[in-house]
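S.K.: So you can see what is in the structure, the chains are spelled out below.
4 protein chains.
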Amino acid sequence: MVNLTETQSRKDDHIRICLDEKVQVNQITNGLEKYQFTHVCLPELDYQEIDINTTFLNRQLNTPLLISSMTGGTENAQLINQRLARIAQKYGLPMGIGSGRVIIEKPEIASTFQVRDNAPDIMLLANLGAVQLNYGYNWQECLKLVEILEADALILHFNPLQECIQPEGDTNFKDLLTKIEQVCDKLPIPVIAKEVGNGISVKMAEKLINAGIQAIDVAGMGGTSWAMVESERAKNPLQKELGKTFANWGIPTADCVRDIRQQYSEIPLIASGGIRNGLEVAKMLALGADVVGLAYPFLKTAMTSEEAIEELVKLIIAEIKTVLFCTGNKNINSLKTSQNLTINN
Amino acid sequence: MVNLTETQSRKDDHIRICLDEKVQVNQITNGLEKYQFTHVCLPELDYQEIDINTTFLNRQLNTPLLISSMTGGTENAQLINQRLARIAQKYGLPMGIGSGRVIIEKPEIASTFQVRDNAPDIMLLANLGAVQLNYGYNWQECLKLVEILEADALILHFNPLQECIQPEGDTNFKDLLTKIEQVCDKLPIPVIAKEVGNGISVKMAEKLINAGIQAIDVAGMGGTSWAMVESERAKNPLQKELGKTFANWGIPTADCVRDIRQQYSEIPLIASGGIRNGLEVAKMLALGADVVGLAYPFLKTAMTSEEAIEELVKLIIAEIKTVLFCTGNKNINSLKTSQNLTINN
Amino acid sequence: MVNLTETQSRKDDHIRICLDEKVQVNQITNGLEKYQFTHVCLPELDYQEIDINTTFLNRQLNTPLLISSMTGGTENAQLINQRLARIAQKYGLPMGIGSGRVIIEKPEIASTFQVRDNAPDIMLLANLGAVQLNYGYNWQECLKLVEILEADALILHFNPLQECIQPEGDTNFKDLLTKIEQVCDKLPIPVIAKEVGNGISVKMAEKLINAGIQAIDVAGMGGTSWAMVESERAKNPLQKELGKTFANWGIPTADCVRDIRQQYSEIPLIASGGIRNGLEVAKMLALGADVVGLAYPFLKTAMTSEEAIEELVKLIIAEIKTVLFCTGNKNINSLKTSQNLTINN
Amino acid sequence: MVNLTETQSRKDDHIRICLDEKVQVNQITNGLEKYQFTHVCLPELDYQEIDINTTFLNRQLNTPLLISSMTGGTENAQLINQRLARIAQKYGLPMGIGSGRVIIEKPEIASTFQVRDNAPDIMLLANLGAVQLNYGYNWQECLKLVEILEADALILHFNPLQECIQPEGDTNFKDLLTKIEQVCDKLPIPVIAKEVGNGISVKMAEKLINAGIQAIDVAGMGGTSWAMVESERAKNPLQKELGKTFANWGIPTADCVRDIRQQYSEIPLIASGGIRNGLEVAKMLALGADVVGLAYPFLKTAMTSEEAIEELVKLIIAEIKTVLFCTGNKNINSLKTSQNLTINN
Ligand SMILES: Cc1cc2nc3c(=O)[nH]c(=O)nc-3n(C[C@H](O)[C@H](O)[C@H](O)COP(=O)(O)O)c2cc1C
Ligand SMILES: Cc1cc2nc3c(=O)[nH]c(=O)nc-3n(C[C@H](O)[C@H](O)[C@H](O)COP(=O)(O)O)c2cc1C
Ligand SMILES: Cc1cc2nc3c(=O)[nH]c(=O)nc-3n(C[C@H](O)[C@H](O)[C@H](O)COP(=O)(O)O)c2cc1C
Ligand SMILES: Cc1cc2nc3c(=O)[nH]c(=O)nc-3n(C[C@H](O)[C@H](O)[C@H](O)COP(=O)(O)O)c2cc1C
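Going down the list, the protein sequences come from chains L, R, U and G.
Basically the numbering used here = 1-based index in the first sequence + 105.
Basically the numbering used here = 1-based index in the second sequence + 105.
Basically the numbering used here = 1-based index in the third sequence + 105.
Basically the numbering used here = 1-based index in the fourth sequence + 105.
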C-alpha cells in the first residue's frame, strides 16, 4: 500500500485535519443551547431499571448512538475502523463506514473498509456520495459496495458545499433525484440520505422521501465543518479563503431535527452534526431523533485506543441515563412523549 | 473520632470542595438578573420603622433569612454548626442541619449535629435524604432524628442528580411518594420538601403537596452545583466527566419560586440556591418566597469565625431594609403586594 | 477655612471620589443604547441656520444644556463653582449649585456657593435635600437659601439610597410631601424635584406634580452612582459592601424621561444621569426632555481649567447641531416632533 | 504635480487613512448578521452552468459587483484607478471614480481620473458631491465632468455627516432637491443618488426618486466610517472628538436595501457600505439589491497590485456562485425570488 491513490491520500488528509479543533464550527452552534430539560426532583424510578433500547429501521438497538460514517482506504483508516467496530459490536451500536467510492476504483483495498469480522452483529452502514451517481456509478455499484461490506443499509451522502471548495470537486448535481429513486428501488436494503455537516431542510427531506429514501441523517451544522477542512487542505489561496467564508454555513442540527420530525412523524431520523455528549444526545432524542450520530468524538478517541472509545461510549450512556433519571423517564419512548424539553425564553 | 466512617469523610470532603468557587454554577444564573425593582425616590417612610419580621409555618421570624441545611458528623462540622447556631439564636434565624442519616448509623456522633444548647429558641430543621426511605429508613427513624436534634420540622431533601454522580449513589427513587405520605402523616411536626440545587418544578410541588408536605424549599439552580461537587470528589474519570456535563442542570431558583407561588398562593415557600446578597433575598420575597435560604455564603463565613457570620447577617439585613426603603415598603408584606418588581425588557 | 465641618469635609470627599471612573454605573446604562436616530442623507438645511435655543420655566435658553448641581462649601468647591459659572454665563447655560444646607449651618462660607457675580444673567438653581424638611429646615430656610444665592429656582433633591448608605444618613422621609407642598406654595420661584442618580418614576412624578412641583429632573441611573460614592467613602465594611450591592440600582434615565413625558406632555423636564455627549443629549431631547444635565463631565473638566469646560460645551453644542443637521431638523422643536428616534429591534 | 491643491492633499489623506482598520465601523454592523441562507443539500444543478449575469440601468453585467467610487486627483489615485479599471474591464465590472470636483477646479489633472483607455467597455460612473450644486456647480459642470470621463452615468453623493466634521465642510444643503431635479432632467445619462457610508432611508429614497434620480446606491452604515476618517484627519481636538461620537452613525446597509426594495420594487438599487465578501454580496442580492458595491476591499488590494484585485474579484465570484449552488439557484434572478434568505430568531 505504498502507492496511495489521490483519493487515498485525501482520506488521510481528512483524518489529520479533522483532529484539529479549528475545523469545528465556532461562531454558531448545533442549535441545542436554546433547549433545556425541566428537572424532576422525584423521579419515582429505579435508575437500575432505566432502559435506553430503541428501534431503528426495524432493528433493535441497545443504545440510540451511531458511529457516523468516516473513513476507509488506508492503513490508518483500517485501524480506526477496526477499533470502532469492536466497540460497536460490544455495545450494539450501529456504525457507518467512510465513502466507498475508492473500493470500486481499487478493489484490493476493500479490506480497509471491511469490519464484519470485528462486528458480526451490528447494523452496518455503507456510504457513498450521492453525486457519484452522476460520475460513473449506478445502482449496480451501490449493490456491489453493500455486498463487499456486508452492510445492512446504504447511506447516500450529500455534500454540495464541500464539492464547491475541493479543487477536484464533483459539482454536477443535476438529475440526481431520478437516479436516487432507482437506487432506492433496486437495492434490497434501506437507503439513508445524509448530509456531511450542513444539514437537511424539510423541503429537501420531502424530495428525498418522495424518491424512496427510507431514513434521514440530517448531519447538520454545529460540529465538523467540511468547508474548513477543505480550506485547510487547499493549496490555492482562493480555495483557502472560500472555505473560511463558508465555515459556519448550514442549518443547525437541532433545527433540522425539529422541523423534519414535525412534518414527518414516522420517518426514521438520525441527528448528527456537532453532538458532543450524552446530554446533547438526549436533547436530540427529545426533539424527535431516533438515533444520534457522532463523528469527531469517535475519531479522536479511536486515534488513542479501543479503551478510549469504550470510555466515551460508557460516558455517553451514563449521561443519557442520567437525563432519563432526572427527567423521570424510564425509557426513550417516555422521554420523547414527556414534553420535558422546553425552549429558553 | 479517629475512625471516620465513609459517610463522615464524605461530609468533610463536601465542606472542603464546596468552599471552592468552581463548584458554583457558572454559565447560567439563579434567574434573578431579569428582575428589577423600580426605585421610589420619595419613600414616605422612616427607615428606623422598617420591619422585616415574617411568619413561616406559624412561627414568627425576625428576619426572612434561613441558614440552609449543610453539615454534621465530624469535628469540623460540629464547629461550623455551633458557630452558625449561635448567630441564628442571636438574630432569630431558622437553621437547617445537614442530613442526619449518619446519626442513626452511628448515634455516638449525634453531638456534632446538636445545636439546641447554642440555639434554644430558633426554628430548627432536621434533614434527611428522601431516598433513604427506600434504604432502610422509615417514619420511626425520622421521628427519632427529630427528637435527637430537638428539631421543629423535618426537611426531606431530593437529590437525584447527585446520587447519579456519586459512585455510592442511592438511585432507587421508586414508590417514594407513598412513604413520604406516611412520614407526613405520622410526624407531629411539619415536613418540608427540599432539593439541593436543581430546583423543584410546579408539577413536582403538586405531587409533594398532595402527599402532605407542608412547605417547599425549591433549592434551585444558580449556586452550589452538586454535580460539580461530586465531579471534584470522583476518582473515576467517567464520574468526573459526568458531573461536569450536568454542572448547570436544573431549574433556576427564581423560576421555581415564581411558578410555584403562582400556582399555590398559600404554600409556605423557601427560596434557595445561588442567593448571594440581601438584594437577591428581597427579589425572591417579591417573587413569592416566605423565607430565603443561603448555604455557601454561610459556610464560607463560618469557616472564618462567628463574627464573620454575624457581619454577613447584618449586611443582608441592611440590604433587605435598603430595598424596602427605596421601594417605599414598610414591611415584607407590603413588598410582596407592591408589584414593584418588574421584568427587564 | 482651616476647621472644616463634617459636612464640608464630606463635600471634598465627594469631589475626590466622583472623579474616579469606578463610581460610574458600569453593568447597565442610561437606557439610550436601544435608541437610534434615522440618518437623513439630504437635510435641506443650512447648518449655519441651525438653532438650539429652547424654553425652560419661561426662560429662553441658548442651549438645552444644564450644569447639574454639584458642590459648594470648601475652597476647592468655590473654585469649581466659579469656573463653571463663568462658562455658564458665556454660553447662557442654566447651572445648579450643590446642596446649600451647610450655608444655613455656617453662613460665613456662603461665598463658596455664590456665583452671581460671575454669572449675572444665567438661570441659577439653588439646591437642598428634600429630607432636610424633616431635619430642622422649612420653607423659610429655603427662601433664605434662594435669596443668599440670588437663585431663580430651587431644586429639592431626593436621595433615599444615598442616605441609607451614609453612616450619618438622614433616613426619615416620612410626611415629606406635605412639607414640599408648603415650600412650593410659599416660595416666589419655581421648585424643581430632582433625584441624584437613581431616577424618578411616573408614579413619583405624579405625587410631586400634585404637591406643586413645577419641574422634574429625573437624575436617573446610568452615570455617577451615589451608592458607589458612599461605598468608597465608608470606613465601615458593612457600608462598603452595602454600597456595592446597590451600585446599579435605579431607573435608567431614558426610561424615566420617556415614561414621564408620555404621561405629562407639559411638565418642564430635565434629563440627567449618565449623559456623556451631545448625541446622548439629543436623544434625551427627542425622548421628551426640555433640558439635559451633566454633572461628572463638568466636574472633570472644571478640575482642569475654564478652557477645558469651554471645550466640552463647544463639543456638546457641535454634537447636538450635527444630530439636528443629520436628521434634517432645524431646531429642537422640530427634532422633538420628527419621530426620527427609533428603537432598535 | 508638485504643488498639491488642498483638495488633492485631502484625497491622499483619505486613501492613507482609509487603509487603517480603525476607521471601519466597529460596534455595529451592516445588518446582515441576522440573515441566514437555508442550505440546500441537493441542488439539482451543475455548478458549471451557474450564471451570475445581471442587468442594471439597461446594461448587461457579467457580475453584480461594483467597484465603488473612491479616488482621483493625485498620482497615487491615478495608479489605483488604472489598476482597478483594468480588472473592471477584464471582468466586466461597473466602476465608480472619485468625486470630480477637482477636475473642474484644475482641469490639468483630469488624467488622474480618466480610465476609459484602460476600460473601454465597462459601465463607468462619474461622481460629484450633491452639495456642490450649492457651491458653484450646476448641470453644465455635471455634463462636462461626464464628458471628460466618458462616463455612462453620474453619481451624486450625499455626505452631510462628513461635511459636519470637516473643518472646510460644505454644509449648506438647502434647496438641493430642485437643483438635483434639474441635473436629472438635463443630463442625457442616468443620475444615481449615493450616500458615503451612512445610508439612505426610504423617506429620502422617495424624495430622490420623485426628483428624477434613476438609481440609488444606499452606501449604508457598516463599513468605512467617514466620521472616523475625518476624525483621524482633524487637527482640531473638537473635530477629532466629534468624529468619534458619530463613528457608528447611520442606517445599516441591509436595512436600507430591505426597506427601499420593499417600497420600490423596480428602482435600480446598489447595496454598499461594509460588504466584505461574496456571501454578503449574495445576501444583499437576496434582500433586493441589483448590484453590490465595495470600496475599502478594493482600495486595499489596489494598493498591492493588479493581481491582488483580480484575486479578490475571483474569490467574490466563487463565493457568490457557491451561495447560488448551495441554495439551489441557477442564477441571480432565481436567488431573488427563492425566499431562501431567512431572519434568525
Ligand atoms: C474524518 C472524517 C471523515 C468523514 N468522511 C465521511 C464520509 O466518507 N461520508 C460521510 O457521509 N460523512 C463523512 N464524514 C462526516 C461525518 O459523518 C459527520 O456527518 C460530520 O463529521 C458531522 O459530525 P460531527 O460534528 O460529529 O463530526 C466524515 C467526518 C470525519 C470527521
Ligand atoms: C457543604 C454543604 C453541605 C450540604 N449538605 C446538605 C444536606 O445535607 N442536606 C441538604 O438538604 N442540603 C445540603 N446542602 C445543600 C444546601 O442546603 C443548598 O440547597 C445548596 O447548597 C444551594 O444553596 P447555595 O447556592 O446557597 O449553596 C449542602 C450544601 C453545602 C454547601
Ligand atoms: C461631586 C458631586 C456632587 C454632587 N452634589 C449634589 C448635590 O449637592 N445635590 C444634588 O441634587 N445632586 C448632586 N450631585 C448629583 C448630580 O447633580 C447628578 O444628579 C448625578 O451626578 C448624576 O449625573 P452624572 O451621571 O452626569 O454625574 C452631585 C454630583 C457630583 C458628581
Ligand atoms: C479612499 C476612499 C475615497 C472615497 N471617495 C468617495 C467619493 O469621492 N465619492 C463617493 O461617493 N464616495 C467615496 N467613498 C465612499 C465609498 O464609495 C463607499 O460608499 C464607502 O466607503 C462605504 O463602502 P465600504 O464600506 O465598502 O468602504 C470613498 C471611499 C474611500 C475608501
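Some hints here could point you the wrong way.
Which copy is meant is left open, so a pair is good if it fits within one copy or across any two.
[Said to hold, decoys possible] SDA-like cross-link-like pairs, simulated, lysine to any residue; straight-line CA separation at most 20 angstroms:
(1) Lys441 x Gln141
(2) Lys211 x Asp257
(3) Lys249 x Pro225
(4) Lys419 x Lys435
(5) Lys279 x Arg121
(6) Lys279 x Gln153
(7) Lys139 x Ile372
(8) Lys284 x Asn382
(9) Lys139 x Leu384
(10) Lys419 x Leu292
(11) Lys195 x Leu343
(12) Lys308 x Ser114
(13) Lys139 x Glu126
(14) Lys349 x Ala316
(15) Lys419 x Ala339
(16) Lys291 x Lys349
(17) Lys211 x Lys345
(18) Lys441 x Asn167
(19) Lys345 x Arg381
(20) Lys139 x Ile314
(21) Lys139 x Ile448
(22) Lys195 x Glu252
(23) Lys249 x Ile314
(24) Lys249 x Cys289
(25) Lys249 x Thr409
(26) Lys139 x Arg221
Hints were generated in silico from the structure; no laboratory data involved.
S.K.: State for each hint whether it applies.
M.R.: We went through each hint and held it up to the structure:
For the homomeric pair Lys441 and Gln141, the shortest alpha-carbon distance inside one copy (14 angstroms) is at most 20 angstroms, but the shortest distance between copies (29 angstroms) is not. In this homomeric assembly, Lys211 and Asp257 never come within 20 angstroms of each other (Cα to Cα): the closest approach is 22 angstroms inside a single copy and 59 angstroms across copies. For the identical chains of this complex, Lys249 and Pro225 are intra-copy neighbours only, at 19 angstroms inside a copy versus 59 angstroms across copies, given an alpha-carbon limit of 20 angstroms. Proximity of Lys419 and Lys435 under a CA criterion of 20 angstroms is satisfied intra-copy only: 18 angstroms inside one chain copy versus 47 angstroms between copies.
Taking the shortest Cα distances, Lys279 and Arg121 never come within 20 angstroms of each other, neither inside one copy (32 angstroms) nor across copies (49 angstroms). Taking identical chains as interchangeable, the C-alpha atoms of Lys279 and Gln153 lie at most 20 angstroms apart only when they sit on different chains, with a minimum of 11 angstroms there against 52 angstroms within one chain. Within a single copy, Lys139 and Ile372 get their C-alpha atoms no closer than 25 angstroms, and across copies no closer than 31 angstroms, so neither meets the 20 angstroms cut-off. For a Cα distance limit of 20 angstroms, the shortest separation of Lys284 from Asn382 qualifies neither inside one copy, at 37 angstroms, nor across copies, at 35 angstroms.
Taking the closest pair of Cα atoms, Lys139 and Leu384 come within 20 angstroms of each other only inside a single copy of the chain (13 angstroms); across copies the shortest separation is 26 angstroms, beyond that limit. Proximity of Lys419 and Leu292 under a CA criterion of 20 angstroms is satisfied in neither setting, with 35 angstroms inside one chain copy and 43 angstroms between copies. For the identical chains of this complex, Lys195 and Leu343 are inter-copy neighbours only, at 18 angstroms across copies versus 46 angstroms inside a copy, given an alpha-carbon limit of 20 angstroms. Proximity of Lys308 and Ser114 under a CA criterion of 20 angstroms is satisfied in neither setting, with 35 angstroms inside one chain copy and 57 angstroms between copies.
In this assembly of identical chains, Lys139 and Glu126 lie within 20 angstroms of each other by CA distance neither inside one copy nor across copies; the values are 23 angstroms within and 26 angstroms between. For the identical chains of this complex, Lys349 and Ala316 are neighbours neither inside a copy (33 angstroms) nor across copies (44 angstroms), given an alpha-carbon limit of 20 angstroms. Only between protomers do Lys419 and Ala339 lie at most 20 angstroms apart by alpha-carbon distance; the minimum there is 16 angstroms, versus 37 angstroms within a single protomer. In this assembly of identical chains, the alpha carbons of Lys291 and Lys349 never lie at most 20 angstroms apart, being 40 angstroms within a copy and 48 angstroms across copies at closest.
When the C-alpha separation of Lys211 and Lys345 is checked against a cutoff of 20 angstroms, the pair qualifies neither within a copy, at 30 angstroms, nor between copies, at 46 angstroms. In this homomeric assembly, Lys441 and Asn167 come within 20 angstroms of each other (Cα to Cα) only inside a single copy, at 17 angstroms, whereas the closest approach across copies is 48 angstroms. Taking the shortest alpha-carbon separations for Lys345 and Arg381, only the inter-copy value of 16 angstroms comes in at or below 20 angstroms, while the best intra-copy value is 27 angstroms. Taking CA atoms no more than 20 angstroms apart as the test, Lys139 paired with Ile314 passes in neither setting, with 29 angstroms inside one copy and 31 angstroms between copies.
Taking identical chains as interchangeable, the C-alpha atoms of Lys139 and Ile448 lie at most 20 angstroms apart whether they share a chain (6 angstroms) or sit on different chains (17 angstroms). Taking identical chains as interchangeable, the C-alpha atoms of Lys195 and Glu252 are never at most 20 angstroms apart, the minima being 23 angstroms within one chain and 53 angstroms between chains. Taking the shortest Cα distances, Lys249 and Ile314 never come within 20 angstroms of each other, neither inside one copy (23 angstroms) nor across copies (64 angstroms). For a Cα distance limit of 20 angstroms, the shortest separation of Lys249 from Cys289 inside one copy, 14 angstroms, qualifies, whereas the shortest one across copies, 69 angstroms, does not.
For the identical chains of this complex, Lys249 and Thr409 are neighbours neither inside a copy (32 angstroms) nor across copies (54 angstroms), given an alpha-carbon limit of 20 angstroms. For the identical chains of this complex, Lys139 and Arg221 are neighbours neither inside a copy (40 angstroms) nor across copies (47 angstroms), given an alpha-carbon limit of 20 angstroms.
In this structure, the earlier hints numbered 2, 5, 7, 8, 10, 12, 13, 14, 16, 17, 20, 22, 23, 25, 26 are contradicted, and the remaining ones agree with it.
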